[in-house]
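The hints should help you fit chains E, H, C and P onto chain F, whose structure is shown.
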Amino acid sequence: MIVRPQQHWLRLIFVWHGSVLSKIFTRLFLNFLLSIAVVLTLPWYSSLGFKLTVAPFSILGVAIAIFLGFRNNACYSRYVEARQLWGQLMIASRSLFREVKNTLPDDPHLGEFVRLQIAFAHCLRMTLRRQPQAERLSHYLSAEHLRAAMDSQSPANRILLIMGEWLAVHRREGQLSDILFHSLNNRLNDMSVVLAGCERIANTPVPFAYTLILHRTVYLFCIMLPFALVGDLHYMTPFISVLVSYTFIALDALAEELEEPFGIENNDLPLDAICNAMEIDLLQMNDESEIPARLLPDRRYQLT
Amino acid sequence: MIVRPQQHWLRLIFVWHGSVLSKIFTRLFLNFLLSIAVVLTLPWYSSLGFKLTVAPFSILGVAIAIFLGFRNNACYSRYVEARQLWGQLMIASRSLFREVKNTLPDDPHLGEFVRLQIAFAHCLRMTLRRQPQAERLSHYLSAEHLRAAMDSQSPANRILLIMGEWLAVHRREGQLSDILFHSLNNRLNDMSVVLAGCERIANTPVPFAYTLILHRTVYLFCIMLPFALVGDLHYMTPFISVLVSYTFIALDALAEELEEPFGIENNDLPLDAICNAMEIDLLQMNDESEIPARLLPDRRYQLT
Amino acid sequence: MIVRPQQHWLRLIFVWHGSVLSKIFTRLFLNFLLSIAVVLTLPWYSSLGFKLTVAPFSILGVAIAIFLGFRNNACYSRYVEARQLWGQLMIASRSLFREVKNTLPDDPHLGEFVRLQIAFAHCLRMTLRRQPQAERLSHYLSAEHLRAAMDSQSPANRILLIMGEWLAVHRREGQLSDILFHSLNNRLNDMSVVLAGCERIANTPVPFAYTLILHRTVYLFCIMLPFALVGDLHYMTPFISVLVSYTFIALDALAEELEEPFGIENNDLPLDAICNAMEIDLLQMNDESEIPARLLPDRRYQLT
Amino acid sequence: MIVRPQQHWLRLIFVWHGSVLSKIFTRLFLNFLLSIAVVLTLPWYSSLGFKLTVAPFSILGVAIAIFLGFRNNACYSRYVEARQLWGQLMIASRSLFREVKNTLPDDPHLGEFVRLQIAFAHCLRMTLRRQPQAERLSHYLSAEHLRAAMDSQSPANRILLIMGEWLAVHRREGQLSDILFHSLNNRLNDMSVVLAGCERIANTPVPFAYTLILHRTVYLFCIMLPFALVGDLHYMTPFISVLVSYTFIALDALAEELEEPFGIENNDLPLDAICNAMEIDLLQMNDESEIPARLLPDRRYQLT
Amino acid sequence: MIVRPQQHWLRLIFVWHGSVLSKIFTRLFLNFLLSIAVVLTLPWYSSLGFKLTVAPFSILGVAIAIFLGFRNNACYSRYVEARQLWGQLMIASRSLFREVKNTLPDDPHLGEFVRLQIAFAHCLRMTLRRQPQAERLSHYLSAEHLRAAMDSQSPANRILLIMGEWLAVHRREGQLSDILFHSLNNRLNDMSVVLAGCERIANTPVPFAYTLILHRTVYLFCIMLPFALVGDLHYMTPFISVLVSYTFIALDALAEELEEPFGIENNDLPLDAICNAMEIDLLQMNDESEIPARLLPDRRYQLT
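Residue numbers (the working numbering), protein chains in the order written: chain F, 1 to 304; chain E, 1 to 304; chain H, 1 to 304; chain C, 1 to 304; chain P, 1 to 304.
Only chain F is shown next, with the shape it has when bound in the complex (with noise of 0.2 Å):
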């Protein structure tokens, strides 16, 4: 994610870094080179009896801006409730350790239980990011339910079980009478509320047909602009043309990136700082000593 401090609207227009520009940059550079070849074969082409006018165009402009505003509706949507999610999960995981210290506060395995929350977070964010996790979960789990979780198709779901089993434990030995077990299994399920809605995002794109139709007629649409533009502005059709194209083809990447959210692309989630954020406020609630730095953004203003 592109976290920048606000700016003069000037400075904006010349930003480069964080922009998809880089990313479709080719892309208009060919519709440029495209516009100047109208532009020059216009009297060859125009001799043959080829003309395009503006007003198909006007109609087909409008209809597809209107179809890729419901697009980039639609993935913004994914990127919100994905970070909606992750949010829950704070509110989930400050909850239930606060609760549990509260309702334990002599318990001599605290810091256990409050690796396993850690461990729950850095699993689901390298699930979502399909990234190796045994080496991390190490710093956090034992060997024991290390194991356990790297045997499981969900290991962020085994955990949860582990916790559970943790809470249950406390429950049999009679230090947590039921209610309070009722309770603090809720926020367990608030958590796994979060793990299937990220799963969710991450397995269930928008449904294929509609990025490859929006691509295909935002494609079609710049590739023959120049075509019509060229008989009213001439030597100007380059220019206009590629402005045009980058309103449309800009935010057709753009959706692209949103939609999935759990990346590690210019606009997505900074899933890292959320997960370092949550650990040192955990450990902090357990009164614990060594706390991790917190994540910055870098040079670029990026955060991963």
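Only true hints are included.
EDC-like mimics (lysine to aspartate or glutamate), calculated; alpha carbons at most 20 Å apart, straight line:
(1) 23(F) x 257(F)
(2) 23(C) x 265(C)
(3) 101(E) x 190(F)
(4) 101(E) x 165(F)
(5) 51(F) x 232(E)
(6) 101(H) x 178(E)
(7) 101(C) x 173(H)
(8) 101(F) x 178(P)
(9) 101(C) x 151(H)
(10) 101(H) x 144(E)
(11) 51(F) x 232(F)
(12) 101(C) x 144(H)
(13) 101(C) x 165(H)
(14) 101(F) x 144(P)
(15) 101(F) x 190(F)
(16) 23(F) x 260(F)
(17) 101(E) x 165(E)
(18) 101(E) x 144(F)
(19) 101(P) x 151(C)
(20) 101(P) x 173(C)
(21) 101(H) x 151(E)
(22) 101(P) x 288(P)
Simulated restraints on C-beta separations:
(23) 151(F) x 169(P): 40 to 46 Å
(24) 107(C) x 6(P): 46 to 52 Å
(25) 129(F) x 297(C): 57 to 63 Å
(26) 11(H) x 223(P): 50 to 56 Å
(27) 16(C) x 13(E): 54 to 60 Å
(28) 272(F) x 300(E): 34 to 40 Å
(29) 22(F) x 297(E): 26 to 32 Å
(30) 29(E) x 45(C): 52 to 58 Å
(31) 107(C) x 151(F): 54 to 60 Å
(32) 300(E) x 36(F): 37 to 43 Å
(33) 77(H) x 297(C): 22 to 28 Å
FYI, nobody ran anything at the bench for these hints, they're computed from the structure.
Note that the structure is predicted; figures quoted are calculated from it, not measured.
Beta carbons: idealized from backbone N, C-alpha and C, even for Gly.
Same frame as chain F, now just chains E, H, C and P:
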């Protein structure tokens, strides 16, 4: 559902499988033929004083695009809600079994309970797809339960009742306190929410008149468009006419597919894969050894 | 509600029943006649300096389309919410009876309770449709309860109170612990949510001024459209004018139908069928033998 | 609120009362006069080289329509949310009293409690409409409670506190177990949600700059429109200009009314009627004999 | 936040303070100067064959308006959600204290607890606005609690932990049953939801690329617009160009303000006033005598 890896923007333009293009090809081809006929017969029917211009089609095009955008939204919401309901089933299933296993760790009938849960998921899937269920459910249910379920108007609801009875027996035998019985019951209620939500989506289509009005206006628009374009574009008419028609008809056809998200078309939900993942998860949580293989997309990236 | 099987795209264009076409046919026909008059009298009134062009209608058409889209959205939301409320009633009814049956399996009065639940659904349906209730409810309620319900401003609410009393008696007799009484009471509260939600939709229309403003602008737009089109299209004016008018007027008329989802028009909710399904479900859950037949769409695919 | 029976589409065009037309008539009339002046002075100012065309107004018109649609949406959401909050108050009130009556059926002070509930509704209504409350509330509250409420910044919140104390006394006396006290308390919390939600809507307007920007652009657009239209339409300019202005100004004015849903204008919520219905319901649930009459719309279909 | 009384529509057009006009005046003025330069140099650059027409700008204008509408929606949603979170804090604070006071009416430390609640609100406010907190919080917290909060990464979360401990002590001493402790704990969890929700909004901006793409296209559009208009409008170009630019740039600037709702700009949330109201409410509920004065809008209708 189509699960494609992200691809180069240029290759996407030429993808055939998974688009709705295969479905609407005939219509676009008819539109192309009509456009050619319009170009060829232009001298004849203009001599009759028959004339169309682009301007009124511009008004109509914008209006149809806005209303089509609205219908797309309505159909996509159904798709998203259906997916969320299955996500909630995943959540409720895992949470229910985690609570049961943590509360009754040594119960000898956990295997029976986990199979009731798996049967519920498969039963719901097969009900929504109107597939015969008895054979599949017999893998998970005892003969008596299977008969009770099959005799019911809503077999999935009957399975819920059986699960509730399983828990109630433990309560009556004193193994579950009222608090924990209440908590587990809430998980069953969550499943009831999923069940009735899916039934609602399956039984209540988007109001038929929406489909009808848009269908008609889209097709009339596409049929008359070549007459309007031919004055300006002449020989280019068939190409632009097909491009505009593609944009409108493809989105109309996609909305139709998304409207019924439980089918087995390209853009429908992969219920088989979801049930399979749920089955693996639950069996692993019960530490069973015979776990079914995971379903993966086929050669054409299709996951049912 | 119209429940049609999916059909070939070509056949859909000619469907008459279930569209709003029957409702707006007169208006479209008047528009057609007006357009013909406009074409015929063109020489006369243009000699008076009376002239309209398409350009301002283009601005107006877009604005009306956007606002109509907004109103459609508002009305469709009411329809969707109404359907969801009835879905929640299904959920609450099944969950309530499942909990009651699991908790009090041998109670001799379960049949009475299940009939109270069924009476609630029918009573709500008939209240929303302003139908006389006493006769139907007498099948399910004792004379005393029926009188109490009929004497109340909100009979459905009174039935809820009676159900609460049924449960409270069991609590006072020691058959229900406070926890389970609390849990069952929450299901009654869910039904109360449905009741008040439906009352809200029935009593609070979309602000009347929306209806009025859009009605007026849509009709004025359609009346003046032929004058604007005739300059360009001449003899084609009536056809294009009716096509544009159809798009706008049909959506306006549909929004009006959806605004009141509890009626018995083509695009309203099939409350009869929902109540029927609920009744069958509940009676089967109580293992009763006399189950009413399932309601199916009639010959015209109509389900009330 | 206007509660009209459904009417013939033709009659709706001529409705005066309940539309915003009465409110914006002056503005439309000024627009009409301006348009006439523009037509008459056209020869003079065109000789000065002053000229406008429709094309830039087309861009502006679409943009304003989109932004106006957005603002309408925001204001309508406030209206809908306000109505939903009052619906939730209905739900919480009925559920709370049902639970109280079922749990404490023979308590001699139920009449006092039901009046506290009624007082809460009226107090909230009068707070939102900034009406004096003491006189009305004295019908329902004891002198001591009335004074406590009136001395508070938020009288409705104080009434909630008194209701909580009423329940707490019963708990301390052993008539309510902790579980049931907790359950009833949750209903009070639901009322607290309604209270703070209504305060939020009343105190936090849609950002003032939205209102301002749209106001300005709408009026500037309508003022300059006749200059742009006169070239094409000549004598027809005033009529078309007023029609376009009506569409934009009427929706702007309606959004303004909906923004403050708690007022007593034509399109505001009928809080009097809602409180009246709630009062009747609660008194009937307590089987009281003196029930106030039901409020109905007046001759002009107006319900306050 | 600007809190203006409703005003005559004519006066609104001339309001300066509270609009974003002060912020974008320079940009509009530059646009005006550029337009004049375009008009004056028209003969020179048209002789070079440099020519623009309105048609492509019409396509671009609609597309930008749609995408700007989308961004406005996204930013406004953040504003609304932020306001709702603070409303929920109000709800949770009142409910928590009501329950505490009703359950422990004679506890001598209620004053301490109410100050912990007030400290939480102020702490959250100052965290979101990145203001120094120690001085203000010292009015409400004991020295020990203050130090604990200040040493934490998230002081507000630490205050929640302290409140939980306050309740847990009462539970351990037998004054709170597990049920009531559980109920009060849920209110703390509600506060945790508000805390993490606000952190989420503050830390996760709308994807930077949206801001960038729209910024660029809006400004490029406004810069090139005069060249396109001058052909048709000549001397009127600067006026129309500024009007169109105002519509687009003002909404772009407003979206930027709303994106960060916790600031102290004209259109940001009045957190000071909300905290103040919460403080008064809680102190009055505890029947304290020293109540701070209520914050009111200043002379310019500004409430921070």
